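Taken in order, these protein sequences are the chains called A and B.
Mapping the first sequence onto this note's numbering, position 121 (from 1) lands on 124, and the numbers just tick up by one.
Mapping the second sequence onto this note's numbering, position 59 (from 1) lands on 1249, and the numbers just tick up by one.
What the hints contain is simulated information worked out from the structure, not anything from laboratory work.
As the structure is a computational prediction, the values presented were derived from the model and not from experiment.
Mixed in with the good hints there might be a few duds.
[Unchecked claim] Within a straight-line C-alpha distance of at most 30 Å, the following computed DSBU-like cross-link-like pairs (lysine-lysine) qualify:
(1) Lys135(A) / Lys1270(B)
(2) Lys1444(B) / Lys85(A)
(3) Lys179(A) / Lys16(A)
(4) Lys136(A) / Lys179(A)
(5) Lys1444(B) / Lys136(A)
(6) Lys135(A) / Lys85(A)
(7) Lys136(A) / Lys85(A)
(8) Lys135(A) / Lys179(A)
(9) Lys16(A) / Lys85(A)
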Amino acid sequence: MRLGVDLAGLRLKNPLIAASGTFGYGVEYEGILDLSLLGGIVSKGLYLEPRDGCPVPRIVETPSGLLNAIGLQGVGIRAFVKDVLPRLARHDTAVFVNVCGDTVEEYAEVARIADAPGVAALEVNISCPNVKKGGMAFGGDPRMTHEVVSAVRRVTRLPVVPKLSPNVADVTVFAKVCEEAGADALSCINTLLGLAVDVERRVPRLAFGTGGLSGPAIRPVALRMAWQAARAVRIPVIGIGGITTAEDALEFLIAGCRAVQIGTANFVDPGVYERVLEGLAAYLRRHALEDIGDVIGTLRSPSGDEPGGPCA
Amino acid sequence: MPTATSPPAPVNRDVPLVGRQALEGPYVLLTFRHPEVAGRARAGQFVMIKAGTVAEPLLRRPFSVMSVTPRDDTFTLFLKVVGPGSRALADLRSADTAGCLGPLGRPFTLPPEDHEALLVAGGYGIAPFVLFSEELRRAGRRSRVFYGGRTAADLQLRAPFDSGEAPLACSTEDGSLGHCGRVTEPLSTHLDRRGGPATIYACGPDAMLHAVAALAAERGVSAQVSLDPWMGCGVGTCLGCVVRIQRSEDPRAKYRCACTEGPVFDSRDVLWPGEVSSRARRESAAVRG
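One chain only, chain B, in its complex shape (with noise of 0.2 Å):
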């Protein structure tokens, strides 16, 4: 339930497709006109959308914010076609309207000062990093970015990052691109070798979410997921995308909302598959200290 201090609502209405850009495979960046997107999404927020051009699928299906250019009241989405859903967004011409609500649920929020920021994504995960990235630099924080995947096909949103501003360490399963292995290697190593503090951002698979909050709770260093179960409305009133979520005060654990409360979470603060409670850990994190 919203408190009487949520900020603004996200709006509703139907988008036109102003731009669109093919990438390899099945990635592609569409572009849509939306002002109150444009002007107030913030990294790690979403958008709940769909094709106007079909019935089929019923439900919108939520996108991460990938950049946003106010001036031209537009933002972009970085889409990959895995279903019809999906397919009928990527089909859209010029023009096209696509109904669009947002932006939605809980941004990701800075670091301290004197913290380096650590991005690690997996695979279609980097989406809200090209807009974090702009965020951090702009608040003159410092970020490296973690990017893996299966294979180098995977690892399609590389361009964002060609500046060099923050660095970018690319690993695939097979070899075909940077390191070879899973991005948390590579992570693992950074935080081995850091001088400084830094605190830990990560959107991907939950498997590598739970991998990257595992490491993160190992060398003590605060991580926030963005975490991407089935939603339905974007707004909680569905209750499909319930996470279990257990914060320091709570006794136990509570289903919250992914699209309201979240979808970006305190790493520690997510009970993973097939655990009871997060207490224990921490627990067991502050004796190891």
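So that you can see chain A by itself, here it is in the shape it has in the complex (with noise of 0.2 Å):
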């Protein structure tokens, strides 16, 4: 039984990934769980600089989510890749780096540095909503993404995977720029902008305002848009949104995902690549499949026809 993705050109051992702002640099689940179960990892956001993020309350559980305004607080590019690197080479897993930037030179530089030994591929964040500058307002302006996503693929020769926002109209436009800019793979999506209200006191329960939402109740947002995308590019789409067993995972696969992200999943158990691992496994078993590969892009219809078509 094969459980092995090709993915922009990388060999992926599994297609489970741990979604970025929600695995750390890895390390930090070092002896929790076996690194080398998963496909890949990828980092927590990094710029050019060590970032203090938000103010708190940061965090705030709503229904079957979690709501966060991080503002990506982190290490810096530098740190990640002295200190974070080389404990990371002692795991069989590939490695992303979650690229971010206020400006195109920035993200460009980020991209060079990170570009070092033991890095497998880029993640481009041009959809942080928790941040004045950079993030989400690249990632909503098909110009700018198309500016940040050819800088950052003029400066290394990784694979280039930028990670879509799913607060805007039609995701297959931003979809079909970042491919038209040199892009390998789409990661789709990153958190949906939402607001939650502390009635008592009248104020906005995160010291942001608003937060980007995740966990199983943008599953089937999430879903439709990752779909998308996988409609309307040639490149590979890796499915991230609320991810939780092998069902989730599967769901993102048959609608044409190459890989998924486990992301929200992460904080509610360490354990969750294990059990989703034996689920994709079980369910290969029990529809006599030998290759995981067999399932991507499976989607049907109950009536035969393409799904998304116009109502009979």
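Put the two chains together into one complex; each comes in its own frame, and the hints tell you how they fit.
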């Protein structure tokens, strides 16, 4: 039975990747779980310099979800390359660096430094809703998206994987722009912009005001967008959004995603990878399939037509 | 980020409930089997735990380890039912399981040998002091406990201190038990009367911790405070539980994770709401001598 997948020239041992911002720099989970179980790890978002992030409160739980405004607190790309990469090298898993910037130039400079031995790919964060510059401001404008992705493309030969924002009317526009700008794959999606209010005090429950919603609450929306993106481009799509079980991961794979990222579920139970991998293997056995690739992009409609067509 | 010299990693496992004792009101004692927590947990450390019987709430919640019984591989939590997560835990039946990661965080550290340990608890914050009293006793340190709440019903965990080895001073704001007033009042009186050096340990609501920190600074006594911000993961990856900390070597305050660098902090390093710098406070304390 084969769970490995090919993604933008990388061979991942399985389609499960830890999502940025939910797995620290990976080393926090050393000893808690075997990092070599994972197909890949995406680092917390990294800028050129260390960042403090947002004031507190930064996270609040909502029904089936988590609303956060962390604001990309981080150690900076140089500390990551110097201190973290050597430790991650002990684990057999693909390391993705999540590249951030306040300016196009900063994205390019972070990408240039991140292109270091031990790094498998660069995920380009053009979709964080919790920063005043960069982030979603770039990922919500096709021209800026093109500019950032092209700038990163020019400085690296590593696979470039823009992470798209769901906070747009038509995700396929951005998927196509990224493909044209030289992206090798897409991560779909980042968090949905949300708001929670403390009704007693009549203030937002997060210090930043709004936040990004993640967790099972967003899964159907994320799945729809990943599916739309996968149909719009030839490059592979990594599905993200509320994946907690093997069945959730299978939804994204069947809808056309080459791999998936697990995010908020890491907080709920770091043992999630083992469970999901067992579930994927059990599914393949039950359907008499040899290869997880035989599942990818096999979505049918009940009538036999392509889903998403006009209602009869 | 953990360093190469970090202590043994916490262990993530489904743990069965093996004991349950309802106290008055919303309080309950829950005992689970988890060999690593039972064997390694130190006072002030916590577990992230969630009943396996429910999907909601989504995240595990942090609870201080109240006591451990290594020979049975069990540990006990002191739980106040405040919402659906704690309700689901309190409703577990024998052999039901909970997802549990631990032990987590930095524990209280023992005082110097000649110090008396003054344990200050606000309500629910008494939990870690059951284990800490035991650690202090085994280390041959003298201790006493100041236990405060709004009313007598908030002071449910008095039995573990019945032996009298650590004298227990209760206080309630409504006067229904012990001293009538805030827990810092008998603490302040004791600090005035004490014959020798002391170290303060505090766990409870933020306002109480802030008051204890202020009192400790005023009397030139060192204090370790256990903070309880909202936590998402317990291992330093969600960055949701950060607190503003300024150590003497820090030129400016930094957000540090309460889960991995705390929950126990030196009270002098904590920037309380509205404070810009701990440096000014340190300097004025130094002048007062």
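Legend entry - Restraint check for Lys179(A) with Lys16(A), where alpha carbons must lie at most 30 Å apart: Judged against 30 Å, a Cα distance of about 28 Å means the pair holds.
Inset, instruction - Given the hint that Lys135(A) pairs with Lys1270(B), test it: the Cα-Cα distance must not exceed 30 Å. - result: 39 Å, violated
Legend entry - 30 Å limit on alpha-carbon distance, applied to hinted pair Lys16(A) and Lys85(A): With Cα atoms ~26 Å apart, Lys16(A) and Lys85(A) stay inside 30 Å; holds.
Legend entry - Agreement of Lys136(A) and Lys179(A) with the hint, judged by alpha carbon distance not exceeding 30 Å: Holds, at roughly 23 Å.
Legend entry - Pair hint outcome, Lys1444(B) versus Lys136(A) [Cα-Cα no greater than 30 Å]: Roughly 22 Å between the alpha carbons, so the hint for Lys1444(B) and Lys136(A) holds.
Inset, instruction - Assess, step by step, whether the Cα of Lys135(A) is no farther than 30 Å from the Cα of Lys179(A), and give holds or violated. - result: 25 Å, holds
Legend entry - Straight-line alpha-carbon gap Lys136(A) to Lys85(A), limit 30 Å: Holds - the C-alpha atoms of Lys85(A) and Lys136(A) are around 27 Å apart, at most 30 Å.
Inset, instruction - Take the C-alpha atoms of Lys135(A) and Lys85(A), compute the straight-line distance between them, and say whether it is at most 30 Å. - result: Distance ~28 Å between Lys135(A) and Lys85(A) Cα, so the pair holds.
Legend entry - Hinted pair Lys1444(B) and Lys85(A), Cα distance within 30 Å: Holds - the C-alpha atoms of Lys85(A) and Lys1444(B) are around 21 Å apart, at most 30 Å.
Violated hints amount to a single one, hint 1; each of the other numbered hints is respected by the structure.
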